[in-house]
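> Turn these sequences into a full structure, and let the hints steer you where they fit.
Protein sequence lines, in the order shown, are assigned to chains E, P, V and D. The opening residue of the first sequence carries number 0 in numbering that gives the first Met the number 0; numbering runs sequentially from there. The opening residue of the second sequence carries number 0 in numbering that gives the first Met the number 0; numbering runs sequentially from there. The opening residue of the third sequence carries number 0 in numbering that gives the first Met the number 0; numbering runs sequentially from there. The opening residue of the fourth sequence carries number 0 in numbering that gives the first Met the number 0; numbering runs sequentially from there.
Some hints could be false.
[As the list claims (entries may be wrong)] Label-pair ranges, simulated between beta-carbon atoms: (1) Thr-13/V x Pro-11/P: 22 to 32 angstroms; (2) Asn-115/D x Asn-115/P: 24 to 34 angstroms; (3) Ser-124/E x Leu-85/P: 50 to 60 angstroms; (4) Thr-52/E x Ser-54/P: 37 to 47 angstroms.
FYI, nobody ran anything at the bench for these hints, they're computed from the structure. Each residue gets a CB set at the ideal place from its N, CA and C atoms; glycine is no exception.
Protein chains: 4
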Amino acid sequence: MTITKQRLQDFPFTLEYRTRWSDNDAYGHMNNAKYLELFDSITNVVLEPLLKTSSQIALIVHADADYYASVAYPEVLQVGLGVSRLGRSAVHWELGVFSATGTLACMGRYVHVFCNKSQKSEAMSSLSAQRLQELVLTTPSL
Amino acid sequence: MTITKQRLQDFPFTLEYRTRWSDNDAYGHMNNAKYLELFDSITNVVLEPLLKTSSQIALIVHADADYYASVAYPEVLQVGLGVSRLGRSAVHWELGVFSATGTLACMGRYVHVFCNKSQKSEAMSSLSAQRLQELVLTTPSL
Amino acid sequence: MTITKQRLQDFPFTLEYRTRWSDNDAYGHMNNAKYLELFDSITNVVLEPLLKTSSQIALIVHADADYYASVAYPEVLQVGLGVSRLGRSAVHWELGVFSATGTLACMGRYVHVFCNKSQKSEAMSSLSAQRLQELVLTTPSL
Amino acid sequence: MTITKQRLQDFPFTLEYRTRWSDNDAYGHMNNAKYLELFDSITNVVLEPLLKTSSQIALIVHADADYYASVAYPEVLQVGLGVSRLGRSAVHWELGVFSATGTLACMGRYVHVFCNKSQKSEAMSSLSAQRLQELVLTTPSL
Numbered sequence: 000m001t002i003t004k005q006r007l008q009d010f011p012f013t014l015e016y017r018t019r020w021s022d023n024d025a026y027g028h029m030n031n032a033k034y035l036e037l038f039d040s041i042t043n044v045v046l047e048p049l050l051k052t053s054s055q056i057a058l059i060v061h062a063d064a065d066y067y068a069s070v071a072y073p074e075v076l077q078v079g080l081g082v083s084r085l086g087r088s089a090v091h092w093e094l095g096v097f098s099a100t101g102t103l104a105c106m107g108r109y110v111h112v113f114c115n116k117s118q119k120s121e122a123m124s125s126l127s128a129q130r131l132q133e134l135v136l137t138t139p140s141l
Numbered sequence: 000m001t002i003t004k005q006r007l008q009d010f011p012f013t014l015e016y017r018t019r020w021s022d023n024d025a026y027g028h029m030n031n032a033k034y035l036e037l038f039d040s041i042t043n044v045v046l047e048p049l050l051k052t053s054s055q056i057a058l059i060v061h062a063d064a065d066y067y068a069s070v071a072y073p074e075v076l077q078v079g080l081g082v083s084r085l086g087r088s089a090v091h092w093e094l095g096v097f098s099a100t101g102t103l104a105c106m107g108r109y110v111h112v113f114c115n116k117s118q119k120s121e122a123m124s125s126l127s128a129q130r131l132q133e134l135v136l137t138t139p140s141l
Numbered sequence: 000m001t002i003t004k005q006r007l008q009d010f011p012f013t014l015e016y017r018t019r020w021s022d023n024d025a026y027g028h029m030n031n032a033k034y035l036e037l038f039d040s041i042t043n044v045v046l047e048p049l050l051k052t053s054s055q056i057a058l059i060v061h062a063d064a065d066y067y068a069s070v071a072y073p074e075v076l077q078v079g080l081g082v083s084r085l086g087r088s089a090v091h092w093e094l095g096v097f098s099a100t101g102t103l104a105c106m107g108r109y110v111h112v113f114c115n116k117s118q119k120s121e122a123m124s125s126l127s128a129q130r131l132q133e134l135v136l137t138t139p140s141l
Numbered sequence: 000m001t002i003t004k005q006r007l008q009d010f011p012f013t014l015e016y017r018t019r020w021s022d023n024d025a026y027g028h029m030n031n032a033k034y035l036e037l038f039d040s041i042t043n044v045v046l047e048p049l050l051k052t053s054s055q056i057a058l059i060v061h062a063d064a065d066y067y068a069s070v071a072y073p074e075v076l077q078v079g080l081g082v083s084r085l086g087r088s089a090v091h092w093e094l095g096v097f098s099a100t101g102t103l104a105c106m107g108r109y110v111h112v113f114c115n116k117s118q119k120s121e122a123m124s125s126l127s128a129q130r131l132q133e134l135v136l137t138t139p140s141l
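Below you can see the structure in the form of structure tokens.
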């Protein structure tokens, strides 16, 4: 699998996150698990409004991340989000975390599956599909 | 001890923090321990530049918090910081966490003690005292 | 307020917690906010069975901690829990965190208030009061 | 890539972790990012003794996880660790997180690269290679 490094402007949705003291680990840079906290945070900003009006939940079945550079508290980070593949019940996200100076620190991927309350996968609503379609990355990286 | 509730504008130093998905606990609001992550984050924005130029560290010997209202992801919070008492080696902080709409969610207090590398308390440098003096709360709350 | 330092054997309820890499902050010891994660964890082991059978929730209105010594990953910690005051709707907890070698690292206090779903305080059930009564500290520390 | 699901007994190194209240997210189960906190914790139990006696650090360049089932506070989890590939400067880990009843909840992979203090990759010491060799998985899964 070839990974195309994205730039912040390639992502259709971005948010700014101020780092916290607890993001740094004993090595003095942001810990690898903290990147996933940011992935969770930005994807749920998109997903929660879609799920609120439905009886579905969205479960994560896969996560991965490649780390290219360090970032550290107290930097303010930019996080970019796009959809790399949109299935019937699954959405594949691509995420980039950028330092205050614009350096790509981490590229990540998340897969959410839309499920009913019993955690069985289901087709997402057409409203959800429509919203997620707007976030599809035009520079395909997968 | 009477606690005077502060308003955001009473604090000499403020920062904005975007909440994260992981800030919410099973009750769907920001977990009580996460407020201390914010206290740590904003106080170290002030302390780190002071400590970088010295051979001292600053250890927390006391923390407390009173919780008045809930906040929740994905709100963007305002955190206010001031000094309520400035000793020879100790700084007593007062902190307020405010919701996106300006409601006071939590008032907290932290005590940092300046120490040498062997963790013995020491007088802070006059430069540190001078900087911290600028942050003393004019509406005393302790 | 005089704080009487408790020993692990003074607490009627104890649990062992393995520290995690992320517990350590940039100073290489367990971060002050992480102690509250442990307080939350052990108190809810007691509270959750009581709340499950009721329509009440328990909200934290106050937390404080005094830090006496450092602990650090990968230590396995002992956490002790007792009730220092039991009200009609409020339970005051006292908590101790002990290093692998038995040193008291932190003494903390938590106040949970039993509430209805609209977050109004309510008397706790007699079943809850009975269970919490069993955990009252016999060496009063407040 | 075919992923062979491992059983706990297939891993040469295992540790028990008590879950914490904050591990659960708003959905009431352990949050996906928390699994990486456990990966970090168990791999560093192996790595730290190796690094302490050297001038090297170990940086994470890749992490991924597949989620199969939920676990939740207050469960006590079992985490299994093995080496799936051992390079000159890189170690590829395979990790399994198991519920209290032995169900595989998550399979993960981590890649640590041994580096000098300037973060350039370097061959690991023969002592490190020897220790890590002992943890190589005999049921190859990659």
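> Compare the structure with each hint and give your call.
Results for each hint:
1. Thr-13/V x Pro-11/P: 22 to 32 angstroms: violated, 43 angstroms
2. Asn-115/D x Asn-115/P: 24 to 34 angstroms: holds, 30 angstroms
3. Ser-124/E x Leu-85/P: 50 to 60 angstroms: holds, 57 angstroms
4. Thr-52/E x Ser-54/P: 37 to 47 angstroms: Check failed, 57 angstroms falls outside 37 to 47 angstroms.
The structure does not agree with the numbered hints 1, 4 stated previously, though it agrees with the rest.
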